[in-house]
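Required output: the full structure, derived from the provided sequences and hints.
Counting from 1, position 53 in the sequence shown corresponds to residue 53 in the UniProt record's numbering; the numbering is continuous, with no gaps.
Quick caveat, the hints were computed from the structure, so don't treat them as lab data. Be aware that one or more of the hints could be misleading.
[Stated by the list, open to error] Here are the computed lysine-lysine pairs in the BS3-like style, where the Cα-Cα straight-line distance is at most 27 angstroms: (1) Lys215 to Lys108; (2) Lys140 to Lys128; (3) Lys34 to Lys257; (4) Lys119 to Lys215; (5) Lys57 to Lys34; (6) Lys108 to Lys119; (7) Lys140 to Lys119; (8) Lys108 to Lys209; (9) Lys119 to Lys209; (10) Lys57 to Lys209.
[Said to hold, decoys possible] Derived Cβ-Cβ restraints for the label pairs, each shown as a range: (11) Asp148 to Thr259: 55 to 65 angstroms; (12) Gln160 to Leu248: 16 to 26 angstroms; (13) Gln185 to Gln120: 14 to 24 angstroms; (14) Gln143 to Ser101: 16 to 26 angstroms; (15) Glu116 to Ala151: 43 to 53 angstroms; (16) Ala130 to Ser48: 37 to 47 angstroms; (17) Gln96 to Gln61: 47 to 57 angstroms.
Heads up, the beta-carbon is just placed ideally off N, CA and C, and yes, glycines get one too.
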Amino acid sequence: MRISTSWNNQLGLNAMLDQQSKLSETQLKLSSGKKYLSPSENAVAATSLIDLNHNIKENQQYQVNIGAARQRLDLEESALDNAGSVLHRIRELTVQGLNDSNTATNRKQIAMEIDELNKQLLSIANTKNANGEYIFSGYKTDQAAFTDTPAYAYQGDANQRSIAIGPSRQVTDGDPGDSVFGSIQVAPLTAGSISNVFQAVAQISADLKANTPNKGSLNDMDAALVRFDTIRASAGARLNALDDQENLNADYILDNKSTASDIGDLDYAEALSKFNLQQISLQAAQQAFTKVQNLSLFNYIS
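Below is the structure:
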């Protein structure tokens with residue numbers, strides 16, 4: 001009889017501990033909001049959740065990349081817009097200086113304004129972003145793109161930084177300065193065949209100061225304006241690509257989060273119902289165990 005009493009006590013204790021364990025597990029799920037607390041509960045679901053979370057994090061990084069690329073391209077587009085406005089003014093002054101009614105003094109005065117505008121162009125070419133990087137220096141972002149001492153020189157390189165914005169999609173987030181403002185040429189320079197905009201503008205100024213304006217300079221200005229417009233349009237196209245990919249990434253992230261939620265998120269209504277039933281079962285097990293504990297040997301035999 002001692003064996004039977006001990007066995008019944010153990011059964012009652014096991015039942016109570018089992019119900020406590022189940023109740024504790026359900027409480028943990030309710031507090032965490034997770035359907036599964038460990039991979040062993042559902043290995044297939046655990047593997048799927050790992051894959052889904054990896055996809056979500058990867059696409060969230062693409063969104064961060066898009067933000068960085070947009071910042072640089074927005075800044076480039078704005079810089080090119082400003083550069084175009086300055087160059088249009090320089091062209092107007094060049095046309096004015098070509099007028100035969102000008103005196104040598106007038107042309108020197110026009111040249112002085114053109115010199116100031118050329119400095120403004122150079123400042124635009126050496127634009128920095130919020131991180132202190134020169135946006136027109138290629139990979140050499142810690143160096144100013146152009147210098148004018150002792151002569152105009154390009155200090156960047158010809159590289160363009162590509163950045164991943166999707167699983168199989170990249171964009172370049174800027175353009176090297178020698179492509180935008182033209183390659184530096186070695187003297188002697190001839191108006192009408194100067195590709196670098198700073199050198200072309202400096203030549204206009206020099207010709208005006210010498211009272212020998214050259215109509216060929218207008219061709220240099222027009223070529224630079226076309227180049228600005230072309231690169232600005234390219235930057236705009238890349239900005240549109242960023243917008244499109246950003247929307248695709250956002251949809252993909254949302255789909256993956258929804259699927260992950262379906263697989264791994266707890267159904268609170270179901271869990272609460274289960275929790276209540278487990279509480280009742282635990283109370284019943286506790287009462288049964290208490291009764292067994294209170295039974296005397298005499299009551300048990302009888």
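Status of the hints after comparison with the structure:
{"no.": "1", "hint": "Lys215 to Lys108", "verdict": "holds (17 angstroms)"}
{"no.": "2", "hint": "Lys140 to Lys128", "verdict": "holds (12 angstroms)"}
{"no.": "3", "hint": "Lys34 to Lys257", "verdict": "holds (14 angstroms)"}
{"no.": "4", "hint": "Lys119 to Lys215", "verdict": "holds (22 angstroms)"}
{"no.": "5", "hint": "Lys57 to Lys34", "verdict": "holds (19 angstroms)"}
{"no.": "6", "hint": "Lys108 to Lys119", "verdict": "holds (17 angstroms)"}
{"no.": "7", "hint": "Lys140 to Lys119", "verdict": "holds (22 angstroms)"}
{"no.": "8", "hint": "Lys108 to Lys209", "verdict": "holds (5 angstroms)"}
{"no.": "9", "hint": "Lys119 to Lys209", "verdict": "holds (17 angstroms)"}
{"no.": "10", "hint": "Lys57 to Lys209", "verdict": "violated (61 angstroms)"}
{"no.": "11", "hint": "Asp148 to Thr259: 55 to 65 angstroms", "verdict": "holds (58 angstroms)"}
{"no.": "12", "hint": "Gln160 to Leu248: 16 to 26 angstroms", "verdict": "holds (23 angstroms)"}
{"no.": "13", "hint": "Gln185 to Gln120: 14 to 24 angstroms", "verdict": "holds (21 angstroms)"}
{"no.": "14", "hint": "Gln143 to Ser101: 16 to 26 angstroms", "verdict": "violated (45 angstroms)"}
{"no.": "15", "hint": "Glu116 to Ala151: 43 to 53 angstroms", "verdict": "violated (19 angstroms)"}
{"no.": "16", "hint": "Ala130 to Ser48: 37 to 47 angstroms", "verdict": "holds (40 angstroms)"}
{"no.": "17", "hint": "Gln96 to Gln61: 47 to 57 angstroms", "verdict": "holds (53 angstroms)"}
Hints 10, 14, 15 from the list above are not met by this structure, while the remaining hints are.
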